[in-house]
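Trainee: Make the full structure from the sequences, and use the hints.
There are 2 protein chains.
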Amino acid sequence: MVRGVSRRGLLGGGAAAVGLAGAYGLGRVDDPATATAGAGEERYPFRGEHQAGIVTPAQDRLHFAAFDVTTDSRDELVALLQLWTAAAERMTGGGAAGPVGPVEGAADLPPDDTGEAIGLPASGLTLTFGFGPGLFRDAAGTDRFGLADRQPASLKDLPHFPGDQLVGRRTGGDLCVQACAQDPQVAVHAIRNLARIGFGTVAIRWSQLGFGRTSSTTAAQDTPRNLFGFKDGTANVRAEDDTALGEHVWVGADDDAAGSWLAGGSYLVARRINMTIETWDRQTLAEQEGIVGRAKGTGAPLSGGEETTPPDFAMPGSNDQPVIPVDAHVRVVHPSSNGGAQMLRRGYNFVDGTNELGGLDAGLFFLAFVRDPETDFVPVQLAMARSDALMEYLRTTGSALFAVPAGVGEGEHVGQALFT
Amino acid sequence: MVRGVSRRGLLGGGAAAVGLAGAYGLGRVDDPATATAGAGEERYPFRGEHQAGIVTPAQDRLHFAAFDVTTDSRDELVALLQLWTAAAERMTGGGAAGPVGPVEGAADLPPDDTGEAIGLPASGLTLTFGFGPGLFRDAAGTDRFGLADRQPASLKDLPHFPGDQLVGRRTGGDLCVQACAQDPQVAVHAIRNLARIGFGTVAIRWSQLGFGRTSSTTAAQDTPRNLFGFKDGTANVRAEDDTALGEHVWVGADDDAAGSWLAGGSYLVARRINMTIETWDRQTLAEQEGIVGRAKGTGAPLSGGEETTPPDFAMPGSNDQPVIPVDAHVRVVHPSSNGGAQMLRRGYNFVDGTNELGGLDAGLFFLAFVRDPETDFVPVQLAMARSDALMEYLRTTGSALFAVPAGVGEGEHVGQALFT
Numbered sequence: 001m002v003r004g005v006s007r008r009g010l011l012g013g014g015a016a017a018v019g020l021a022g023a024y025g026l027g028r029v030d031d032p033a034t035a036t037a038g039a040g041e042e043r044y045p046f047r048g049e050h051q052a053g054i055v056t057p058a059q060d061r062l063h064f065a066a067f068d069v070t071t072d073s074r075d076e077l078v079a080l081l082q083l084w085t086a087a088a089e090r091m092t093g094g095g096a097a098g099p100v101g102p103v104e105g106a107a108d109l110p111p112d113d114t115g116e117a118i119g120l121p122a123s124g125l126t127l128t129f130g131f132g133p134g135l136f137r138d139a140a141g142t143d144r145f146g147l148a149d150r151q152p153a154s155l156k157d158l159p160h161f162p163g164d165q166l167v168g169r170r171t172g173g174d175l176c177v178q179a180c181a182q183d184p185q186v187a188v189h190a191i192r193n194l195a196r197i198g199f200g201t202v203a204i205r206w207s208q209l210g211f212g213r214t215s216s217t218t219a220a221q222d223t224p225r226n227l228f229g230f231k232d233g234t235a236n237v238r239a240e241d242d243t244a245l246g247e248h249v250w251v252g253a254d255d256d257a258a259g260s261w262l263a264g265g266s267y268l269v270a271r272r273i274n275m276t277i278e279t280w281d282r283q284t285l286a287e288q289e290g291i292v293g294r295a296k297g298t299g300a301p302l303s304g305g306e307e308t309t310p311p312d313f314a315m316p317g318s319n320d321q322p323v324i325p326v327d328a329h330v331r332v333v334h335p336s337s338n339g340g341a342q343m344l345r346r347g348y349n350f351v352d353g354t355n356e357l358g359g360l361d362a363g364l365f366f367l368a369f370v371r372d373p374e375t376d377f378v379p380v381q382l383a384m385a386r387s388d389a390l391m392e393y394l395r396t397t398g399s400a401l402f403a404v405p406a407g408v409g410e411g412e413h414v415g416q417a418l419f420t
Numbered sequence: 001m002v003r004g005v006s007r008r009g010l011l012g013g014g015a016a017a018v019g020l021a022g023a024y025g026l027g028r029v030d031d032p033a034t035a036t037a038g039a040g041e042e043r044y045p046f047r048g049e050h051q052a053g054i055v056t057p058a059q060d061r062l063h064f065a066a067f068d069v070t071t072d073s074r075d076e077l078v079a080l081l082q083l084w085t086a087a088a089e090r091m092t093g094g095g096a097a098g099p100v101g102p103v104e105g106a107a108d109l110p111p112d113d114t115g116e117a118i119g120l121p122a123s124g125l126t127l128t129f130g131f132g133p134g135l136f137r138d139a140a141g142t143d144r145f146g147l148a149d150r151q152p153a154s155l156k157d158l159p160h161f162p163g164d165q166l167v168g169r170r171t172g173g174d175l176c177v178q179a180c181a182q183d184p185q186v187a188v189h190a191i192r193n194l195a196r197i198g199f200g201t202v203a204i205r206w207s208q209l210g211f212g213r214t215s216s217t218t219a220a221q222d223t224p225r226n227l228f229g230f231k232d233g234t235a236n237v238r239a240e241d242d243t244a245l246g247e248h249v250w251v252g253a254d255d256d257a258a259g260s261w262l263a264g265g266s267y268l269v270a271r272r273i274n275m276t277i278e279t280w281d282r283q284t285l286a287e288q289e290g291i292v293g294r295a296k297g298t299g300a301p302l303s304g305g306e307e308t309t310p311p312d313f314a315m316p317g318s319n320d321q322p323v324i325p326v327d328a329h330v331r332v333v334h335p336s337s338n339g340g341a342q343m344l345r346r347g348y349n350f351v352d353g354t355n356e357l358g359g360l361d362a363g364l365f366f367l368a369f370v371r372d373p374e375t376d377f378v379p380v381q382l383a384m385a386r387s388d389a390l391m392e393y394l395r396t397t398g399s400a401l402f403a404v405p406a407g408v409g410e411g412e413h414v415g416q417a418l419f420t
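In order, the protein sequence lines correspond to chains A and B. For the first sequence, counting from 1, position 320 maps to 320 in my numbering; every step adds exactly one. For the second sequence, counting from 1, position 139 maps to 139 in my numbering; every step adds exactly one.
Rather than coming from a laboratory, the hints here were simulated on the basis of the structure. Careful: at least some of the hints might be erroneous.
[Unchecked claim] So the derived list for chain B, only partly shown, Cβ under 7 Å to chain A, looks like this:
#: 1; residue: A107
#: 2; residue: D108
#: 3; residue: P111
#: 4; residue: T114
#: 5; residue: G115
#: 6; residue: Q185
#: 7; residue: R196
#: 8; residue: G200
#: 9; residue: T201
#: 10; residue: W206
#: 11; residue: R225
#: 12; residue: R282
#: 13; residue: L285
#: 14; residue: V351
#: 15; residue: L357
#: 16; residue: G358
Using N, Cα and C, we set each Cβ at its ideal position, and we do this for glycine too.
Mentor: Listed below in structure tokens is the structure:
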């Protein structure tokens, strides 16, 4: 993590700040030589071995967008990825989307940045790009971009799971961008400018805002709570666990012949899971804890201990039943119940106003990075659909799968290995 | 502002923190004696001369909810306001929604708090309550609660403005609650628990999340930016300006005979204003600045100076036109163009996913507090509809008006003067 400078901090000082705004009007970032530490000034390098936004400490805010590619030209697609790469590197560094910036350009041209992030620091922004199955073969099976023979075997539409109530305008997509930041205005600014740059080549298919990260991705982060009020992601794969990352998150060089370009990348599963929170809120504490299999306060398994104590699924309870019920969520999704399947979860809470029943349109926007969805996600989701008591309170309304290429090297563009 | 304690901070320490969670499990707030300062620990008193959340320094996040009253019983309505008052006082103090809390109650009862804010500090939460026209007379004109003769003359549905494209499920409401906080999870938790408490008496009609406050309400706050990329609210009425507050925000004791109970309160205008940002982003910088009438970077009027310099509407420009165009937003809405009308604006940016055209469903959730909407809001809105160049990029999809009673005294409930 690199600490930068907040122009907002500089501008807070009153009249003297106006001159500074002019002097540094090119972008969002002031001269690092005058840097002072402050909130939101985290910066993560855009280039590296893996894309940022996976093992990066989970930021508090999300704007996720899925795009349809509206051109049939491979050259235009590649050109867009080049433009997106340059813009992403600038914005994650705290700069403007374009080289000129929001206010310094010619008056007779549209600005190359939309301006709502002027004065805001980098805010830990990460931009993570993925490719959907439709980029390789569209719905009719057409190989629009000459990529069909490079489609990884596991990059295909997820199966229909029992209980799915998918809404078309929240599902699928040829490309995705996950924008995470400490400030939603910074995340929204990034997605909006990438969409602007892509006008004529891509169109937003759906987008989702989230808050209150529901997972920790590093050992130093505490475990946050989802809208059921429970700690979520206690058993997450974390950045420090190289073994688990290698086994369950990063795609290996030999995992897939057609998808060899994806080595060092990952798969991103996105699921918009509505919670029927009004119904949940009328359940007793004991019922809620039995459904989850954990204590609501501490997050400890019902078999005892602390949050991180492994659950004892064999411990007997009353009525000849185990103390952790057979249909408790923690049991159904546990690696020991699913052939060792694990994921790096990175989801967010969402509230999108009101649903048709007068309840909150709220829930968990589930994001998980896995080495192979066939082994690390699908079996767990099927087990949940089959026997998880929590399913009564869940309704999945959106779903998508993307291949997230490895990190972007110097001089490269996002996903370059796929096109060479 | 009172500084409190962050349980999140205390819980960050690892294993030793588990004991603390048990010891202080009753609510969200730990023993103030162990307080340490930290982010999000602002607290604002719930009781006072005026409701908090009006001149309170604008927090960064919003969850706004409008409710329909589903009972015809005045007693049930009053009982709800009493319950809401107690819950609001607890939550704005950093506590749980109910006296027992999320995890300390009997296992065979639903918890009296939903738990997702466990560990989160007060985060500057304010809860501001308002009464809609329907509380006094419903759509059929029925006086459901014996309040018809106390309906203030100005508390009626706003007129239809040219360009309004109102959506029923985003418009109106018998009651409203504005929850503002630095953390969206805290604001969402508050609205969700008030809705839970009101189950059977009220139902959420619509709700709206917002981020990136678009106004400053105190002199110390910098001016934020809306999604057009421009500073917004430069000329806002601010907390320090007692004269303007008395003239334009607080209802006077003699303003309205029927509405004498509203003295010391205000009117809250809520308007969900979609921006066609994709179209806006294709305009040149000069066009954008001409439409707004201000420089995009500094916020200074096109007639020169700094952000706070009064605009010179007479200053000549080129082509025999004034330098600030005749249809520029800053001119059309200026008090000098509208008989001195002023408002205390407190709006937020919003992005609610994607619209039917594949653009972002994004814009400004406009909130303004005024002494009388007839004099301080309607004329300005009509002037905008008539001649503001900005209107081409705006589409108002939701609208509501509420009377916001004065502050809650010791031993009183919200809006008590209306019922006595």
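Trainee: Hints first: check each against the structure and report whether it holds.
Mentor: Hint-by-hint comparison with the structure:
1. A107: holds, 4 Å
2. D108: For D108(B), the interface hint holds, since the closest Cβ of chain A sits about 5 Å away, which is under 7 Å.
3. P111: Holds, about 5 Å.
4. T114: holds, 5 Å
5. G115: Because about 2 Å separates G115(B) from the closest Cβ in chain A, which is inside the 7 Å limit, the hint holds.
6. Q185: Because about 4 Å separates Q185(B) from the closest Cβ in chain A, which is inside the 7 Å limit, the hint holds.
7. R196: Hint holds; R196(B) Cβ to chain A Cβ min 5 Å, cut 7 Å.
8. G200: Violated. Min distance 11 Å.
9. T201: Violated - the Cβ of T201(B) stays beyond 7 Å from chain A, reaching only about 13 Å at its closest.
10. W206: holds, 5 Å
11. R225: holds, 5 Å
12. R282: holds, 5 Å
13. L285: holds, 5 Å
14. V351: holds, 5 Å
15. L357: Violated. Min distance 9 Å.
16. G358: For G358(B), the interface hint holds, since the closest Cβ of chain A sits about 5 Å away, which is under 7 Å.
Checked against the numbered hints above, the structure violates hints 8, 9, 15; every other hint is satisfied.
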